[in-house]
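Taking the hints as your guide, dock the two standalone chains into a single complex.
If you're matching them up, the sequences are chains R and F in order.
Position 292 of the first sequence, counted from 1, bears residue number 292 in the numbering used here, the numbering being contiguous throughout.
Position 176 of the second sequence, counted from 1, bears residue number 1176 in the numbering used here, the numbering being contiguous throughout.
Hints are not guaranteed to be accurate.
What the hints assert, rightly or not - Mimicking SDA-like on lysine to any residue, the simulated pairs with C-alpha atoms at most 25 Å apart in a straight line are:
1) 222/R - 365/R
2) 2/R - 1149/F
3) 147/R - 100/R
4) 1088/F - 372/R
5) 1228/F - 297/R
6) 1088/F - 299/R
7) 1201/F - 1157/F
8) 2/R - 1075/F
9) 1024/F - 299/R
10) 222/R - 114/R
11) 97/R - 138/R
12) 1127/F - 297/R
13) 1088/F - 365/R
14) 112/R - 100/R
15) 15/R - 1114/F
16) 236/R - 253/R
17) 1201/F - 1075/F
18) 14/R - 1153/F
19) 14/R - 1108/F
20) 15/R - 1152/F
21) 222/R - 113/R
22) 1024/F - 1086/F
23) 1024/F - 372/R
24) 1042/F - 1221/F
Said to hold, decoys possible - Counterexamples of contact, computed for chain R against chain F with all Cβ distances above 10 Å:
25) 94
26) 291
27) 315
28) 323
FYI, nobody ran anything at the bench for these hints, they're computed from the structure.
Glycine included, each C-beta is placed from N, C-alpha and C at the ideal position.
Each chain, written out:
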Amino acid sequence: MKFRGLIFANLFRKKVRLILTVGSFAVALFLFSFLAVVKGAFGRGADIAGADRLVIINRISIIQPLPLNYKDKIMRIPGVVAITHNNWFGGVYQDEKNFFPQFAIDVENQRKVIPELKVPDDQWANFVKDRQGAIAGAKTAARFGWKVGDRIPIKTTIFGGASTWEFNLDGIYHSDRAGGDESQFWFQWDAFEEGVPKTFKDHVGWYVLKIENPDDAPRIAKAIDDMFSNSDFETKTETESAFAAGWVKQFGNIEFLILTIGGVVFFTLLLVTGNTMAISVRERIGELGTLKAIGFGDRTILFFVLAESLVISLIGGLIGLGLAALAIPVLGAALNGLLPSLILSPAILSVGLGTALLVGLVSGLLPGIGAMRMRVVNALRRV
Amino acid sequence: MVRVDGTGRSNSLIQVRGLDKTYKRGGEEIHVLQGLNLDVDKGDFVAFMGPSGSGKTTLLNLLGGLDVPTRGSITVAGDEVTHMSASKLTQWRARHVGFIFQMYNLIPVLTAFQNVELPLLLTKLSKSERRRHVETALGVVGLSERMNHYPRQLSGGQEQRVAIARAIVADPTFLLCDEPTGDLDRKSADEIMNLIIRLVKEFGKTVLMVTHDPVVAKLADLELHLEKGLLVEAGQVQQNAYAGGAA
Chain R
1 MKFRGLIFAN LFRKKVRLIL TVGSFAVALF LFSFLAVVKG AFGRGADIAG
51 ADRLVIINRI SIIQPLPLNY KDKIMRIPGV VAITHNNWFG GVYQDEKNFF
101 PQFAIDVENQ RKVIPELKVP DDQWANFVKD RQGAIAGAKT AARFGWKVGD
151 RIPIKTTIFG GASTWEFNLD GIYHSDRAGG DESQFWFQWD AFEEGVPKTF
201 KDHVGWYVLK IENPDDAPRI AKAIDDMFSN SDFETKTETE SAFAAGWVKQ
251 FGNIEFLILT IGGVVFFTLL LVTGNTMAIS VRERIGELGT LKAIGFGDRT
301 ILFFVLAESL VISLIGGLIG LGLAALAIPV LGAALNGLLP SLILSPAILS
351 VGLGTALLVG LVSGLLPGIG AMRMRVVNAL RRV
Chain F
1001 MVRVDGTGRS NSLIQVRGLD KTYKRGGEEI HVLQGLNLDV DKGDFVAFMG
1051 PSGSGKTTLL NLLGGLDVPT RGSITVAGDE VTHMSASKLT QWRARHVGFI
1101 FQMYNLIPVL TAFQNVELPL LLTKLSKSER RRHVETALGV VGLSERMNHY
1151 PRQLSGGQEQ RVAIARAIVA DPTFLLCDEP TGDLDRKSAD EIMNLIIRLV
1201 KEFGKTVLMV THDPVVAKLA DLELHLEKGL LVEAGQVQQN AYAGGAA
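Next up, chain F with everything else stripped away, as it sits in the complex (with noise of 0.2 Å):
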């Protein structure tokens, strides 16, 4: 169960206390997150909505652990991700986040199959475990037969197949979505929300990702919009049309 009122349960997956973020861009303080609250839940599908430098992005890069807040707290799992060090970081980001870009994001130099299997690269798995698992992910994206295409030789739905399949190949706790949409036609579009979609309700996966597109929004359990740096819920939505109309 989503809630932006700070009464969330103790035990959320992650819950976000006071969050503020503070940009100073000359001599002039930008107050881009003033007192944020959030809780989420294991296996809920978040959207946050909101117009252009309305901090989208900064609350994904905070919740994700790419950027640390003026004030306030992010705690998730249970771990308080606001006091931790660059490398305990780094390190938690690794265990705990699976990033999914607008531009996908993908090296080109590396194909389909070594792109997914970065993030196990800095796990202890052996060769053939890697191999498992980049299969497994490949498979679930639906491409295990474009596994030695390089990113150039995919279309965009397909690179971002790809960097779902990176971002879920780990198992991490939570996945962090910014416009994932943001660069594709409405049927690649339509394939990836679908991808998004089966990934929270077949594998039970926390899905927070960033929108523009009222559509793709309305396809999570819940929208937020940011307003004055503070979120605020836009209702609950109907969540299973867009799933099972497409399926």
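Chain R extracted, bound-state conformation (with noise of 0.2 Å):
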């Protein structure tokens, strides 16, 4: 591109300007790829949620228990291929800055319901045998260097004092859905009821269910709820898509919160590149001015400040990008699974990129405009 020496030159003119104007663009990137990384995150349970599957909460809240014996009343409702219920242990392992959350399952009927989070054969064979068996996700296990045959202490918070509970590390779970949670710890529902003061014992904190038809998910959601209205467990029936959904909303409006951020960064961004194209094209009119008066076309005029903004905005998306890339691996890691995987996802970096550009394109238009609009006489008179 024989124009390339021209516009890479006047984009060096200024190496201050330019480095605080591509610095701009960094830092915007880096936040937008950090915000979209924490939406993506706290939306991801949402994003990958079975469409066949209904959560069952107690209708007051989640940590409100629901009495086992439900369970076969809710098998029977037609539409329902396959019912499972966890509780929440809330324990600590070592430190409570290493959370991750841990489960007391249904182990024979876990997997049925929730198949994409495998476990090899063997050692979920284990695990069903070993009243004090565990599986750990490949995530957690990763974090702190576990692995099958480990003996893990983990120390109950809520249900019987300060009391340390061990397990044997069985196996290790992946999940077959990509950014799939696995950061989760798994124990047997048995030792758990075992472990429990009685005022725990015959109570879950929710139930997960397969149903044989999604179209079906209102209707049995209404069913179950309706079975149980006006009991001391009321329940709160819904699609695992608009529970996660909901588990988010506690946090408050994320997303709402995420896109006025990033709104605004970008809007700031946009005066900040729109000032600096403008103070740049203001500068050199009467240099523009000699390239209109020996034969550079108006458009060519714009092209040529459309392009150093597009290069501003290229090169500060990219800076951002890429710092982005190599800090929130790291912001991950010192978040200790509070939050599920932060993935900056190639669809993070595309809708980056693509705004940075756009961003750079609006602010080169109007002084481009303008540039390509002025008369030469006048723009001569500026030399």
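Structure representation (structure tokens):
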């Protein structure tokens, strides 16, 4: 491209200004990437939720239990294929900062209802036989360097005072869905029932059920909630994705917050870059007039201005996204599993770069049109 | 042969007929040029003189297709310039006009080579062909050794020589010089004028020059004065004295 030399020479005319403008793009894109990754982490549960699964919790709140004997009644509703139940354990491994979710699971039905979390059959068989057995997600196992056969002590904070429960790590599960949660720690429901005080026995935290046809979800949910209305333990049944979305909403409207911050960041960036490009064009009106005089057309002049702002946005965008790619794994590790995996996906990178280029284009457009329209004789007086 | 009475040959290189230029300032109309006629043949060297505000630069802008007249016509090498669209006019300028400005108007972030190359970027010449043309032009103005220097690394006279190289590199039909020595000391001005005269004598270039400097104006084949919006012939001048003396 024969104009490359001219475009780059103009670009590097004011190096400090170039660095600051590119820096603005880099910071904005870094922030955008981080916010998008956090939003993705919060929303991932809903995104990958099974369409054929319903979650049943206590109508009051998820921390209120449901009776274990609901299970058989629910199974009798037409369209329900399988049901499993879990309970939150909330224990601490070594230090409170080492958070990861621990669930007592229904060994018999877990894999029927949640088949995407894969455990090798031999490991599962050992787990089923071992009352103190446990299965850890691959991410949590990697985080603490666990391997099958390790003894994992977990101190309970909810059930039975400050006692420590010892588990044998019998297996490690992987998710076969991209971005699936591999941070959980499972142990046997029977072990849970044996260890907790009497008041907690025969109660579950929530049920997860698999249904035959996702289109039947509203009917089945209504049937379940109607069945237990006016009881001591009324239920709230919803699809797994609605449940996951509701879980995120407990933290506030994350999406709105992130979109607002992202919008403000990009709007500010637009003002900064637009101002920079306007100053840059104003400073060399005489030069642009000279180019026009010697035969450069209006569209070529517009192209020069747009090319400069696009190159600035491209370089800044790539730096920002590159920094994000380096920093996000570090930030993810620092969060100690408080959030699901922070994934800087190709979609986030594409949207980020696309937005940066759009900002570059818009910010160069007004000064570029001004330069395009200026009269040569007026511009030459500004030399 | 330059004529200002509108009786020039029909095949003159530049033919101006009944040229008017009127500006509106506030509610007032200012008639800068009024029915101006001019005929310039290939290889002519004309100097335009006149007091400030007499319309010298306006005339140069009109001849160079940078501005449009209120009335009248300008024909260059058979092309009627006054009715061209803006984009056609831009293409026409690139092909036919070489501009030399008082303040050189070089792009400060480009080297002498890159500045001279600018008009060639609008052509279909290959990179190696462009290089050859630029080296030739810089050779003509005696700056082959300075092609990688930036304007700030050159003297005023050298900058103007780069500007002249830029003006001639695409081999335009004619050169328009707006006070080419106006920002130079006498020695540098002499060098620039010698170069312009050489372009006329040796390379057959047609040059139209605006100047305030009577010494410089006398170097042209013909000195024309702008008075009340019309060109008035000041008389033939001795052409070769300066060039011969300097040689």
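The hints, checked one at a time:
1. 222/R - 365/R: violated, 55 Å
2. 2/R - 1149/F: holds, 20 Å
3. 147/R - 100/R: Holds. Residue 147/R to residue 100/R sits at ~16 Å (cutoff 25 Å).
4. 1088/F - 372/R: holds, 15 Å
5. 1228/F - 297/R: Measuring from Cα to Cα gives roughly 34 Å; hence the hint is violated.
6. 1088/F - 299/R: holds, 13 Å
7. 1201/F - 1157/F: holds, 21 Å
8. 2/R - 1075/F: violated, 32 Å
9. 1024/F - 299/R: violated, 29 Å
10. 222/R - 114/R: Distance of about 22 Å is within 25 Å: holds.
11. 97/R - 138/R: Since the Cα atoms of residue 97/R and residue 138/R sit roughly 19 Å apart, the hinted pair holds (cutoff 25 Å).
12. 1127/F - 297/R: Given pair residue 1127/F, residue 297/R holds - Cα atoms ~21 Å apart, limit 25 Å.
13. 1088/F - 365/R: holds, 24 Å
14. 112/R - 100/R: Judged against 25 Å, a Cα distance of about 24 Å means the pair holds.
15. 15/R - 1114/F: holds, 20 Å
16. 236/R - 253/R: Distance ~21 Å between residue 236/R and residue 253/R Cα, so the pair holds.
17. 1201/F - 1075/F: holds, 24 Å
18. 14/R - 1153/F: holds, 18 Å
19. 14/R - 1108/F: holds, 12 Å
20. 15/R - 1152/F: holds, 17 Å
21. 222/R - 113/R: Given pair residue 222/R, residue 113/R holds - Cα atoms ~20 Å apart, limit 25 Å.
22. 1024/F - 1086/F: Judged against 25 Å, a Cα distance of about 21 Å means the pair holds.
23. 1024/F - 372/R: holds, 24 Å
24. 1042/F - 1221/F: holds, 12 Å
25. 94: The claim holds: residue 94/R sits with its nearest Cβ about 61 Å from chain F, beyond 10 Å.
26. 291: violated, 7 Å
27. 315: The claim holds: residue 315/R sits with its nearest Cβ about 18 Å from chain F, beyond 10 Å.
28. 323: Nearest chain F Cβ is 29 Å from residue 323/R, so the label holds.
Hint violations for this structure: numbers 1, 5, 8, 9 and 26, all remaining hints satisfied.
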